[in-house]
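Asks: Which chain is which? The protein sequence lines are A and B, in order. Numbering-wise, our numbering puts 17 at position 2 of the first sequence, and it's gapless, one number per residue. Numbering-wise, our numbering puts 24 at position 2 of the second sequence, and it's gapless, one number per residue.
No wet-lab data here; the hints were simulated from the structure. Note that the coordinates shown come from a computational prediction; the quantities given were computed from them, not determined experimentally. A portion of the hints provided could be inaccurate.
Distance condition first, Cα-Cα at most 25 Å in a straight line; then the derived DMTMM-like pairs of lysine to aspartate or glutamate [said to hold, decoys possible]:
id: 1; chain 1: A; residue 1: K394; chain 2: B; residue 2: E154
id: 2; chain 1: B; residue 1: K397; chain 2: B; residue 2: D206
id: 3; chain 1: B; residue 1: K135; chain 2: A; residue 2: D602
Some, not all, of what chain B presents toward chain A, calculated at C-beta under 7 Å [as the list claims (entries may be wrong)]:
id: 4; residue: R277
id: 5; residue: R334
id: 6; residue: G379
We treat Cβ as the ideally placed atom computed from N, Cα and C, and that holds for glycine.
The primary structure of each chain is shown beneath.
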Amino acid sequence: MASVSHEAHGHTDHGHDHHEESFVSKYIFSHDHKMIGKQFLITAVFMGIIAMLLSILFRIQLAWPGESSDFLTLFLGETWAPGGVLKEDMYLGLVTIHGTIMVFFLLTGGLSGTFSNILIPLQLGARDMASGFLNMLSFWFFFISSIIMLVSLFVESGPAMAGWTVYPPLSALPQAVSGSGLGMTLWLFSMAIFIAGSLIGSLNYIVTVLNLRTTGMTMTRMPLTIWAFFVTAILGVLSFPVLLSAALLLIMDRLAGTSFYLSDIIVGGEMLTNHGGSPILYQHLFWFLGHPEVYIVLLPALGLSSEIIATNARKPIFGYRAMIGSILAIGFLSFIVWGHHMFITGMNPFLGSVFVFTTLLIAIPSAVKVFNYITTLWKGSLILTPAMLFAIGLVSTFITGGVTGIILADSALDIAVHDTYFVVAHFHIVMGMSAVFGMFAGVYHWFPKMYGRMMNTRLGYVHFWITIIGAYGVFFPMHFVGLAGAPRRYYDYSVYDQFDSNTFAMIMDLNVIVTVFAIFAALGQGVFLFNFFYSIFRGPKAPQNPWKSNTLEWTTPVEHIHGNWPGELPTVHRWPYDYSKPGAEEDYIPQTVPLAEGEEEH
Amino acid sequence: MESKLIILIVIVLGAIAVAQLVRIYELSSKLRKRGEHEISTRDNNLNGKMMYAFMVLLYAFFIWLMVEYGWTGRGDAASTIGKETDWLLNLNFVIIIAVFFLTNTLLFYFSYKYVRKEGVKAFYFPHNNKLEMIWTVVPACVLAVIIILGLKKWNDATGASGEDAIRIELFSKQFDWTARYAGDNNLLGRFDYKLTTDLNELALLTSETIDSAIVNMQTGPTGIDALVKKLNDRTIMLIPEDREKMEEDLSRKTRLIRLLHQMKKHHTKKYDAYAWDDIIQKDTLYLCLNKEYEFNFRAKDVIHSAHFPHFRAQMNTVPGMTTRLKFTPDITTKEMRKRKNDEKFNYVLLCNKICGGAHYKMKMMIVVLEEGEYKSWMKSKEKATFRDTYFAAAAAAPADTTAVPADTTMMVAN
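Just chain A, same shape as in the assembly (with noise of 0.2 Å):
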């Protein structure tokens, strides 16, 4: 289709032969990065969207029980809102596909997916991915399980309504809930079908990071973006297998009658024959990847802050080596917690203290982050765009979700707020509002790249200040409606009402507030989407480096080529991080300048 895959691994400096492209194979079934990460893009903003949609809807239920609202009916109909009051199972059913989407469709295939794959090959001086077909096949598998995912919310007896982890038995019996039915089997080859899609895009980063790199761009030349796309596609690949076949095991126990997770279970007055299995292993299969996967949602933000960061505040980015070191120390121990999930499932108590220990140390490496990005800001000239105003907010939430890790990582302690709304506060301010913050960030600083075209700072500004409000008037007051023990995933908190009015009044009236702050959040992001979409259009032109950068992205011309690079690609002389050096005339050497007489390399 483009003459991109075979120049990719020439180093040729002879012209790019120009032919004229079809709308359909540059834009729908495109084989260059930049074109498949805009593709990512824009998919995960619309599945945002509709997540973000679904949590509003939950939320007025919570905020309001029982009364009725034409939103919900506007929304779900008569069917799953009578009278617009939210039915049970539907609720489930939203809380669910809300986990889901955001945790799959936004935060992985929109940050590591849009991300990646623009600048992977950008800023290592390649002039594509190593597969540019496996490339797009990875994107459209994404696609296709993004299509099956909604298709689900609109089936009959529901979509999936196990919570986002779909634990068995509940996702194996359609007797048990209703959304175990035909909404989970969606679910579930909607997830296989993202599963292959995300290994083939990880394949084909690893394989790019690590055969495609230009002249002179050694390994500890790499900016950080780069570093945290390596390392979370390594997780994914060894990580989404086992997901994979946690499903398939599933998809067999739902279709196949076997009994992997069933065992000795009655259910609708039904006596099943299922028997040796165990709902456990399920968990295990599920977490050793569900761990990963918050490092695979986090490691890209924190990738995208890094340069962020180092670059508005005109000071390299403090300590290099331990940022890269504790990538991959975050990345190893990933892989030794995942049972910190699993405390008081009947597990065993003492592998219950192993995990506390692994698990506890992921602080240390997290902590040396955080001091790295606040030390970076300390004596810099700070430069507060709308995108580094959100990475500065990443470091922020990534804190005050972080903190509170340490009280779930201890088993002793995870016994009092398993499973209440004080994980739904943690999990949502250090991985979701972390991860959300990145890719903002990373969309407001790349834009120029990606669209050849400026954004409105303002707007920009507005933004930023309603969603990290947002951000914390939402999540903050969980943490104590969870510590008074109130658990995730009900329906209506009434019930405390009868054992215990003082609670169950603060419970309402912080769920009132919640809900206040998610819909003020929400509103929020309209400006976002209309500075977004409007800007692709009508934006004014960017100039070719608009941040005064030093990676190799911005040596590239603004209009879109094939293969990045008019003529030969860039040769790398320095690390990205040479902002302010002391003896340069302006304030940063991009890589591509060649070391100065008697210049030391940091």
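Chain B: place on chain A using the hints.
Replies: Frame of chain A, contents of chain B only:
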């Protein structure tokens, strides 16, 4: 319908408002002749100050929440283990709140303080081994303390309970809890899910319950005989799907009854006594002050979780396996009501693992009594052992068709 219209109008108006906003910005930036990438000193300073202001607001919000709600929901822990949990929880909170304030303050303060100023160049400071060492080692030491204290407490909490701990089984199903006291011998009767009938909802194992389960499966209203008869009856027209379903049901029941016959063959009579003196209790769980309890958990259909918020205790209940937990309640309900100044307050057992539509309603009240009260309550239950209730119900039921299969009343909520 009208409010739908209003919602749509609001959305449209919102979009128009934003559009106008952008036009203004576009025009103004054209006038300024400055690109979007060039951040003016005014914007830069303004956002720096807002960072600072945001920090202050965030802290104010946090402190307000802490003062207003920090202790409302938790209350005093009502078990000995729970008190230790709370102590450790508070210690950890002191540490993490300190870290939260320290690091956020540095972050937001620096974002405000080091905003670009004309002529001031950033300080080139790529790394410093000593600093990096400090913030690797200090967190590591703090974590070591947290880990050691946590694990010590965890071992206490999950260790075996004492010899004379009172045994109670909590049986979970969609969407309620049933408690089973171990009775005089403090031994819980054995069970097998295949023994579930209307008379024996907890599937306890005795010679009689095996027999009645076999009878029920063979000759009950939806037993094997009835199914065979219906399938072979040429006068009834069955929809193919129904026929298929019945055939499936039949094959399942044939397998189950074979297993029941095997069970009967291998059954040892001495286990009967374990079960007969058990006391089955619904709705409210009565516990005795300062007595250690050893809880066993079972699930009938899907995973549930036994969550005792006031005792700081929690354990999942898993179909196909038994899980356990121990704690010693040390505040009576009466005393707690006084402390909370709430006459209607009760301890509660909640379900904390998503288990279906009515998950949020699945609960059991808990009452902690003083020893005297507890003993007299126990006495009232003397004539309500499993033996008493089982035979009374069996006598009341018509002799030949012992029972309908269990749980026809389930799924009420859906």
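Asks: Hint compliance check: list the failing hint numbers for this structure, sorted ascending.
Replies: none
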